[in-house]
Amino acid sequence: MAHKLVVEFSPGSVPLSTTRSWVDVTERVEFCEWEIGRQRDLTEWPPGEATIVLRNDDHREFDPDNTSSTYNGQLLPRVPFRIMSLPTVLDAPGVSGAGASTSDT
Numbered sequence: 095m096a097h098k099l100v101v102e103f104s105p106g107s108v109p110l111s112t113t114r115s116w117v118d119v120t121e122r123v124e125f126c127e128w129e130i131g132r133q134r135d136l137t138e139w140p141p142g143e144a145t146i147v148l149r150n151d152d153h154r155e156f157d158p159d160n161t162s163s164t165y166n167g168q169l170l171p172r173v174p175f176r177i178m179s180l181p182t183v184l185d186a187p188g189v190s191g192a193g194a195s196t197s198d199t
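Our numbering numbers the first residue of the sequence shown as 95 and each following residue consecutively.
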């Protein structure tokens with residue numbers, strides 16, 4: 095089964111906030127990598143780390159100094175992000191079997 099990577103952030107939120115509004119920025123992601131895990135089964139899960147680079151080529155949308163930005167005043171240090179891997183299903187009506195193909199045009 096294929097998976098779709100989804101990246102969201104919560105502008106204006108602080109890390110321990112209990113109420114958040116999430117904004118999907120998946121289409122702006124240029125680079126994303128993360129590391130999670132633990133060394134042994136009986137140890138606690140340590141915090142994960144992630145690096146996310148967003149495309150910001152539309153007049154500085156994510157520039158905290160841009161007062162005309164949609165997120166003006168909401169781009170705070172340590173703004174929460176979340177990375178999800180969601181299962182996807184290819185819906186191909188009339189196609190049976192284990193696979194489907196599409197033309198390149």
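Treat the hints loosely; a few may be bogus.
Cut-off 25 Å, straight-line C-alpha distance, at most; resulting in silico cross-link-like pairs (SDA-like, lysine to any residue) [stated by the list, open to error]:
(1) Lys98 to Asp151
(2) Lys98 to Thr120
(3) Lys98 to Asn160
(4) Lys98 to Thr182
(5) Lys98 to Arg176
(6) Lys98 to Glu138
(7) Lys98 to Leu136
(8) Lys98 to Gly131
(9) Lys98 to Thr161
(10) Lys98 to Glu129
(11) Lys98 to Asp135
(12) Lys98 to Arg134
(13) Lys98 to Phe125
(14) Lys98 to Ile130
(15) Lys98 to Gly167
(16) Lys98 to Thr145
(17) Lys98 to Ile146
(18) Lys98 to Ser115
(19) Lys98 to Arg114
(20) Lys98 to Asp159
(21) Lys98 to Pro158
(22) Lys98 to Thr137
(23) Lys98 to Val123
(24) Lys98 to Ala144
(25) Lys98 to Ser162
(26) Lys98 to Trp116
(27) Lys98 to Val173
(28) Lys98 to Glu127
(29) Lys98 to Val119
These aren't lab readings, by the way, just hints derived from the structure by calculation.
The hints, checked one at a time:
1. Lys98 to Asp151: holds (24 Å)
2. Lys98 to Thr120: holds (10 Å)
3. Lys98 to Asn160: Violated, because 31 Å separates the two Cα atoms, which is more than 25 Å.
4. Lys98 to Thr182: With Cα atoms ~6 Å apart, Lys98 and Thr182 stay inside 25 Å; holds.
5. Lys98 to Arg176: Distance ~14 Å between Lys98 and Arg176 Cα, so the pair holds.
6. Lys98 to Glu138: Measuring from Cα to Cα gives roughly 28 Å; hence the hint is violated.
7. Lys98 to Leu136: With Cα atoms ~31 Å apart, Lys98 and Leu136 exceed 25 Å; violated.
8. Lys98 to Gly131: holds (21 Å)
9. Lys98 to Thr161: violated (33 Å)
10. Lys98 to Glu129: holds (18 Å)
11. Lys98 to Asp135: Measuring from Cα to Cα gives roughly 28 Å; hence the hint is violated.
12. Lys98 to Arg134: Answer violated: Lys98 to Arg134 is near 29 Å, above 25 Å.
13. Lys98 to Phe125: holds (15 Å)
14. Lys98 to Ile130: holds (19 Å)
15. Lys98 to Gly167: The hint is violated at about 31 Å.
16. Lys98 to Thr145: holds (18 Å)
17. Lys98 to Ile146: holds (16 Å)
18. Lys98 to Ser115: holds (21 Å)
19. Lys98 to Arg114: holds (22 Å)
20. Lys98 to Asp159: violated (32 Å)
21. Lys98 to Pro158: violated (29 Å)
22. Lys98 to Thr137: violated (30 Å)
23. Lys98 to Val123: It holds: about 13 Å lies between the C-alpha atoms, which stays within 25 Å.
24. Lys98 to Ala144: holds (17 Å)
25. Lys98 to Ser162: violated (32 Å)
26. Lys98 to Trp116: holds (17 Å)
27. Lys98 to Val173: holds (23 Å)
28. Lys98 to Glu127: holds (14 Å)
29. Lys98 to Val119: Roughly 13 Å separates the two Cα atoms, so the pair holds.
Violated hints, in rising order: 3, 6, 7, 9, 11, 12, 15, 20, 21, 22, 25; the structure is consistent with all others.
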